[in-house]
Amino acid sequence: MSNLPSELRYLSSHEWLRVEDDGTAVVGITDHAQDAMGDLVFVETPEVGSSVSATEEAGVVESVKAASDIYAPVSGEIVAINEALEDAPETVNQDPYGDGWMFRIKMSDPSEVEQTLSADDYKALIEEEA
Amino acid sequence: MGSKTALYDKHLASNAKIVDFGGWDMPIHYGSQIEEHNAVREAAGMFDVSHMTIVDIAGEGAEDYLRYLLANDVAKLKVVGKALYSGMLNEDGCVIDDLIVYRTADGFRVVVNCATREKDLAWMEKQAANFAVELQERPDLGIVAIQGPKAIEAVKTVLADQAELISQLGVFFGQPAGDWFIARTGYTGEDGLEIMVPNDAVENFWQQLLDAGVRACGLGARDTLRLEAGMNLYGSDMDETVTPLESAMGWTVAWEPESRDFIGRAALTAQKANGVPHKLVGLVLEERGVLRGHQKVVVAEGEEGEITSGTFSPTLGYSIALARVPASVGSNAKVEIRKKLLDVKVVRPPFVRNGERVYK
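Those protein sequences? They're chains V and S, same order as listed.
Our numbering puts the first residue of the first sequence at 1, with every later residue one more than the last.
Our numbering puts the first residue of the second sequence at 1, with every later residue one more than the last.
Among the clues, some could well be false.
Keeping only pairs whose Cα atoms sit at most 16 Å apart, straight-line, the calculated EDC-like set for lysine to aspartate or glutamate is [to be verified]:
id	chain 1	residue 1	chain 2	residue 2
1	S	Lys339	V	Asp35
2	S	Lys279	S	Glu303
3	S	Lys17	V	Asp35
What the hints contain is simulated information worked out from the structure, not anything from laboratory work.
None of these values were measured; they are calculated from a predicted model.
Isolated chain V, as found in the complex:
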């Protein structure tokens, strides 16, 4: 069974979201997603300063097996990206909820977080897909 921290929020498209005290949200892909994709070889994040919209494509991850879009869980401005992933995309496989984070959004509408899934809801969803 894959690891699902209860303090995070999730999307059905297998991203996770961590809301910070300063009103930003950190985004990555779930342990389930990295396991299904296999070894990641490229991570394409949005540019710092660009805007993203909730549930729209914000980047791409490519594994040896396949390419997969990353969706933004909430709307806002990209204030940071994880540059270390450019040279070490495998970090996402090794630590999907920690050093494998992908980008940080300054939220324009924090109420959008309510539209995302709890760990239990996401767990139910991936069990259904299995």
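Fit chain S to the given chain V structure using the hints.
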């Protein structure tokens, strides 16, 4: 649930991720496909390829039969043990399957793909009707491929009694050892062995290889290794819609002697005379992104082709592909990835041999 090889429980014990592969439950990786790939390039890895189909061909008509059945000519196999790669074609000259054939003391041994097993056997039986041959499938044998610069040494430590036989084995030769069969062949671009083992002995052999430091590798690494080595995969790079001449397999068609008729010869001769419209080439993308099967390739004059196999190359650190393109292709092309056209180099495979980049 699919068919299982005799090594299925060993795969589970090594935490394999199992996928369906042509009706078989096979390991795609045991944790990290890239680490498995690198183990084969740098040391030694092993693959369970027991899902492949072994057919023994005996009878006084065996040689004439295979000379008619295959585009390559088994008469080239002058000594027992020598092996040959060939396409098996239909009357249109298109590829039913690709295979390896060994000359044995009693006739020949052929190894064909697993996903094509039923149609291959039906075709081979049908063509056998006019020859004095007996075909016998060998589901009693498993196959383990041990590949990499340290593979042969590792096998010699496990099969100490066969060390001398293995030392004498030339590249693309296979010899029986009791009811085992040891061949110096592979699908990775590295030196190594493919060993056919009775099903009841294969688990123990696998464990001894693990104990000797050989890393278990899944079919994912097998695919990236074979693509770096520029080797075709049946069903992706060629099938029953294309000829060997359009599939970088021209070298496997034995035109001489002219007196030899083989299935598909007339169609290939006509295609050669009229000009072969396509060819299979290598592509290299040195910027970020991964070439994948079915992506569109645009060559000069706006003519189009298609990627047949593409992947990230762990050895090179960027993406490579095989693509079928118009024969007029030059040294550059563009590939459409997510609606963007990216520049790629057109090269002649292989990309990697014996751990090193070899394309120009």
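So, going through the hints one by one against the coordinates:
1. S:Lys339 to V:Asp35: Given that 16 Å is the threshold and the Cα spacing comes to 27 Å, the pair is violated.
2. S:Lys279 to S:Glu303: Satisfied, since the Cα-Cα distance of roughly 13 Å is no more than 16 Å.
3. S:Lys17 to V:Asp35: 10 Å, holds
Hint 1 from the list above is the single one not met by this structure.
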